[in-house]
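Can you build the whole structure from these sequences, using the hints too?
Oh and the sequence shown: position 169 is 169 in full-length UniProt numbering, straight run, nothing missing.
Hints are computed from structural coordinates only; laboratory data are not their basis. Since the model is a prediction, treat every value here as computed from it, not as a measurement. Treat each hint with caution, since some may be false.
What the hints assert, rightly or not - Pairwise CB distance ranges (calculated): (1) A169 with V241: 43 to 49 Å; (2) A223 with R122: 39 to 45 Å; (3) L50 with G28: 45 to 51 Å; (4) A169 with L50: 51 to 57 Å; (5) L97 with F67: 21 to 27 Å; (6) L50 with R27: 28 to 34 Å; (7) L97 with P63: 30 to 36 Å.
Glycine residues also receive a C-beta, built at the ideal position from the N, C-alpha and C atoms.
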Amino acid sequence: MTTITSIAPATGTAGARTASDRSARSRGLLRWLFVVPALAYMALFFGYPLVRNIVMSFQHYTPRTYFTGEAPFNGLDNWRAVFADELFTDALGHTALFTVGSLLGQFTIGLALAVFFSRRFRLSGFIRAVLLLPWLVPMVVSAVVWRRILDQEHGMLNTALHAVGLVPADGVPWLSSPGVALFSAILVNIWIGIPFNMVILYGGLQEIPRDLYEAAALDGSGAWRTFRSITLPMLRPVITVVLVLGFMSTVKILDLILALTSGGPADSTQTLGTVTYQLSFLQLDFGQGAVVGNVLILISAVFAVLYLRANRADFGKGK
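Here it is in structure tokens:
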């Protein structure tokens with residue numbers, strides 16, 4: 001009796017453990033069933049094009065390749081040719097100026113408008129809806145409209161500025177001067193991106209507890225001190241998202257530049273996006289175009305890693 005009693009619980013425990021293991025395996029399999037479609041989608045539509053683009057940058061890839069299938073490996077020739085080209089160096093600098101200038105303008109004005117509209121007043125909702133229009137209009141349409149507005153001879157902007165005596169009769173060559181064209185493109189992109197920044201930051205402001213502002217008012221804190229000590233710290237996660245998304249959409253911009261200036265005058269508005277387009281679809285040198293595309297991917301990846309590390313640090317502080 002003693003032997004039977006001691007064996008029975010052991011057998012029961014082993015059976016329970018086996019059932020538990022089966023249940024854990026079933027849950028693990030179920031998780032994978034949900035994850036596999038997403039992984040397959042990522043591998044097919046992101047992983048494969050990325051790998052092909054990297055491989056193409058080391059090949060002599062031309063239109064003939066599409067018919068013959070022959071793309072000889074040429075080592076680092078494409079990379080050397082691109083990095084030795086002065087156009088690439090200039091485009092890299094233009095991309096940096098365009099991205100930084102656009103982000104600063106979009107974020108600053110968007111945050112100011114978000115703070116302004118956070119104080120409810122009559123018709124605030126209607127005005128916010130009107131301010132969303134630049135974001136809703138296709139970028140090519142916006143660029144074509146702004147090209148007419150910025151025209152040196154017949155543009156509305158020069159006409160208005162001349163009427164108040166701010167510019168001479170011949171106007172400012174907004175899009176036809178190498179020294180002004182990039183600045184004009186930045187201004188147009190700022191105008192397009194303000195609504196996005198305003199909407200996201202406005203939503204973040206609504207999540208800040210009103211009690212914090214009431215406590216700051218009771219302590220005699222001024223508007224600027226309250227903004228610096230409460231609003232900005234509480235908005236930090238939202239600000240990070242806005243800047244990252246803004247960077248990703250701005251650093252690779254193509255359609256706006258093509259519609260405004262086509263990269264001119266004198267290549268003064270060439271960016272990495274337009275150089276990729278020019279090499280791949282105008283000069284039909286797909287290998288060198290892939291090199292510039294890989295540089296864009298690398299820049300975006302570095303920025304994404306910095307963003308993830310910043311988020312991890314914030315999460316660690318929160319814990």
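What hints, given by number in increasing order, does this structure fail?
-> Structure breaks hints 2, 3 and 5.
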